[in-house]
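Undergrad: From first to last, the protein sequence lines stand for chains B and V.
Residue numbers for the first sequence follow my numbering, beginning at 1 and rising by one.
Residue numbers for the second sequence follow my numbering, beginning at 1 and rising by one.
Note that these hints are calculated values from the structure, not bench results.
Keep in mind it's a predicted model, so treat the numbers as computed, not measured.
There could be a bad hint or two in this list.
Some residues of chain B that are not near chain V, with every Cβ distance over 10 Å (derived) [what the hints assert, rightly or not]:
no. : residue
1   : P7
2   : F8
3   : K25
4   : T30
5   : S55
6   : L57
7   : Q64
8   : G69
9   : Q87
10  : R97
11  : I110
12  : A116
13  : Q119
Within a straight-line C-alpha distance of at most 30 Å, the following computed BS3-like cross-link-like pairs (lysine-lysine) qualify [stated by the list, open to error]:
no. : chain 1 : residue 1 : chain 2 : residue 2
14  : B       : K33       : B       : K20
15  : B       : K235      : B       : K59
16  : B       : K112      : V       : K16
17  : B       : K20       : B       : K112
18  : B       : K25       : B       : K186
19  : B       : K186      : B       : K136
20  : B       : K66       : B       : K218
21  : B       : K93       : V       : K212
22  : B       : K93       : B       : K79
23  : V       : K212      : B       : K79
24  : B       : K186      : B       : K161
25  : B       : K62       : V       : K212
26  : B       : K62       : B       : K33
27  : B       : K20       : V       : K14
28  : B       : K161      : B       : K136
29  : B       : K185      : B       : K62
30  : B       : K66       : V       : K212
31  : B       : K93       : B       : K66
32  : B       : K79       : B       : K33
33  : B       : K25       : B       : K93
34  : B       : K136      : B       : K93
35  : B       : K59       : V       : K212
36  : V       : K14       : B       : K161
37  : B       : K25       : B       : K218
Cβ-Cβ distance ranges computed for the label pairs, FRET-style [to be verified]:
no. : chain 1 : residue 1 : chain 2 : residue 2 : range
38  : V       : Y32       : B       : R111      : 39 to 45 Å
39  : V       : L140      : B       : G91       : 49 to 55 Å
40  : B       : Q199      : V       : L296      : 55 to 61 Å
Using N, Cα and C, we set each Cβ at its ideal position, and we do this for glycine too.
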Amino acid sequence: MISQKQPFLDVQEIHTYYGKIHALKGISITINKGEMVTLIGSNGAGKTTLLNTISGLLKPQKGQIKFEGTHLEHLPAHKIVSLGIAQVPEGRKIFSRLTIMENLEMGAFIRKGRRAIAQDMEQIYDLFPRLKERRKQVAGTLSGGEQQMLAIARALMTRPKLLILDEPSMGLAPLLIENIFLTIKKINQEGATILLVEQNALLAFNIACRGYVLQSGKIALEDNCDNLSQNKMIKELYLGG
Amino acid sequence: MIRIEQIFRLTPPKKKILVLFLLVLPFMVGNYWSQILGDIGIYIILGIGLNVVVGFAGLLDLGYVAFFAIGAYGYALLASPQFGIHIPFWLMLPVCIAFGAGFGAFLGTPVLRMRGDYLAIVTLGFGQIMRITLNNLDPLTNGPRGLLRIDPPKIGDWIIDTPIEWYYLIMAGIFFAIFVANRLNDSRIGRAWIAMREDQDTAEIMGINVLKYKLMAFSIGASFAGLGGAIFASRQGSIFPDNFSLMVSINVLCLIIIGGLGSIPGIILGSIILIGLPEALRGVQQYRMLLFGGLLVIMMIFRPTGFIPSARKKIEFKK
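The following block holds chain B by itself, in its conformation from the complex:
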């Protein structure tokens, strides 16, 4: 099924610095179209740095990033969005003083065609009925889980080909996490390629098909999720024995 030509997203040997800190030390990952790939690692391993480098908020010192054959490493973040990469940032970063509807409209900022946007909004409300009930409410008044849903919904409004999620389970109750992960799976099944960053490795392996393990700025392991969840080192480090 997976095309043998070029990968959908191709990150080659990138080095990114935070000031003088060498945060990513030559990272390569690839994602094929339609896949859900997860990236796990402990705090400070460089997960968010990698995501921000892909989405253009940080610039790599060396290496290249190609998305559908287009080089991303020198493009500003706002251009990368219009190529079809949407990011759900860590800590959600919703526009807390705008209403839910206004947040979704911000997601559609790069798009033209009111009718298509309105249709997408309806679809998103079907996916997240809670958001529809509260669409006129100010987003800051939502619960953590609802805010996470809104952040995902807002990213979907850009009509992404690749959706990048940065720790969607952070700070949420287990029941909500399960709910959100089911939704992510559904989004993937409907055709979007997904890069999921998680600390909660067990959950991530459950829904993703391939995984990378990031350790202090380097890829330590790459395998399919079944193998990864059986891996001894991973069991010790990330799955709690």
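Based on the hints, put chain V in the right spot on chain B.
TA: Then chain V, alone, in the frame of chain B:
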């Protein structure tokens, strides 16, 4: 609590009464007060412009006076005996607006990469540089001796030179400025500004070119000052570098804050309070700074969102 904003939330018949009131007002108050209303009016135009930068886009600009000076000197140089050039006022209005916008973009390009406090300090410096340059660029600006006998606007043979005539012209300028500002706020550009104000990085990953929209705010804001400057120069008949001191920037910023950041009725009220009040109480003028300071402190305690905050700012402040 007294709801000042209700006074401004007008139904259509009230709107007609207001327009009628504004039309007959100069005849009711006479020349002296019409002159002061004109002063207030110019500050309203400046306030609406700076509000685009500070209130809409959330960029603290302390050198706004520089663009006011560009408009005023731009007009004065091209419509006075200084070089013997006499381009008509009506033609110069769009030119001065363009001067303001152009200088806004020119200054904004290097400066807008900075955030918050740094931006405030650099713009503050630019405002000062502008005044000092006008003072020293003698061959062009006549230095501290200023530019004199600047042309008044003419309609056919009719020269606009009485305070009452000026009142109407400035009023037209205000309505134009309000119209443009409202349209901007409701537009796609306005939405980009809101997102930027909330969170720059998130705006960027929504596909908003933050630098471009900042530059637009800066440049559009400056164009209002260009308009105000042209009106000011033509109305005064003579301008001097000292007309463009730091105090102008501070005054405009104060009137926006007192009125309610982001709200146009607030700017109008703020101008009336800040510019009109000291004129009305001439004896108090010496204590004007004291009053400003006191008023600002009292405001921050009792009405931190200003007298008439915009609906959105009210929400923003609660969080």
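Undergrad: All hints are to be evaluated individually against the structure, with a verdict given for each.
TA: Hints versus structure:
1. P7: Per Cβ check, P7(B) is outside 10 Å of chain V; nearest 22 Å; holds.
2. F8: The assertion about F8(B) holds, with a minimum of 19 Å to chain V.
3. K25: holds (24 Å)
4. T30: Label holds. Min Cβ-Cβ 22 Å, cutoff 10 Å.
5. S55: The claim is violated: S55(B) sits with its nearest Cβ about 6 Å from chain V, within 10 Å.
6. L57: L57(B) not clear of chain V: closest Cβ-Cβ about 6 Å, inside 10 Å.
7. Q64: holds (21 Å)
8. G69: Nearest chain V Cβ is 20 Å from G69(B), so the label holds.
9. Q87: Q87(B) not clear of chain V: closest Cβ-Cβ about 5 Å, inside 10 Å.
10. R97: At roughly 5 Å from the nearest Cβ of chain V, R97(B) sits no farther out than 10 Å, so the non-interface label is violated.
11. I110: violated (4 Å)
12. A116: Holds, since 16 Å exceeds 10 Å.
13. Q119: At about 19 Å from chain V, Q119(B) clears the 10 Å cut-off, so the statement holds.
14. K33(B) with K20(B): violated (35 Å)
15. K235(B) with K59(B): violated (33 Å)
16. K112(B) with K16(V): Given pair K112(B), K16(V) is violated - Cα atoms ~38 Å apart, limit 30 Å.
17. K20(B) with K112(B): violated (41 Å)
18. K25(B) with K186(B): Violated, at about 34 Å.
19. K186(B) with K136(B): holds (26 Å)
20. K66(B) with K218(B): holds (19 Å)
21. K93(B) with K212(V): Judged against 30 Å, a Cα distance of about 22 Å means the pair holds.
22. K93(B) with K79(B): Status holds; Cα separation ~20 Å.
23. K212(V) with K79(B): Holds: K212(V) and K79(B) sit about 12 Å apart, inside 30 Å.
24. K186(B) with K161(B): holds (14 Å)
25. K62(B) with K212(V): Distance ~27 Å between K62(B) and K212(V) Cα, so the pair holds.
26. K62(B) with K33(B): Holds, because 25 Å separates the two Cα atoms, which is no more than 30 Å.
27. K20(B) with K14(V): Violated. K20(B) to K14(V) sits at ~63 Å, over the 30 Å cutoff.
28. K161(B) with K136(B): holds (28 Å)
29. K185(B) with K62(B): Cα-Cα ~33 Å, so violated.
30. K66(B) with K212(V): holds (25 Å)
31. K93(B) with K66(B): Since the Cα atoms of K93(B) and K66(B) sit roughly 26 Å apart, the hinted pair holds (cutoff 30 Å).
32. K79(B) with K33(B): holds (20 Å)
33. K25(B) with K93(B): holds (27 Å)
34. K136(B) with K93(B): holds (18 Å)
35. K59(B) with K212(V): holds (19 Å)
36. K14(V) with K161(B): violated (53 Å)
37. K25(B) with K218(B): holds (6 Å)
38. Y32(V) with R111(B): 39 to 45 Å: violated (56 Å)
39. L140(V) with G91(B): 49 to 55 Å: Holds - the Cβ-Cβ distance for L140(V) and G91(B), about 53 Å, lies within 49 to 55 Å.
40. Q199(B) with L296(V): 55 to 61 Å: Cβ of Q199(B) to Cβ of L296(V): about 47 Å, so the range 55 to 61 Å is violated.
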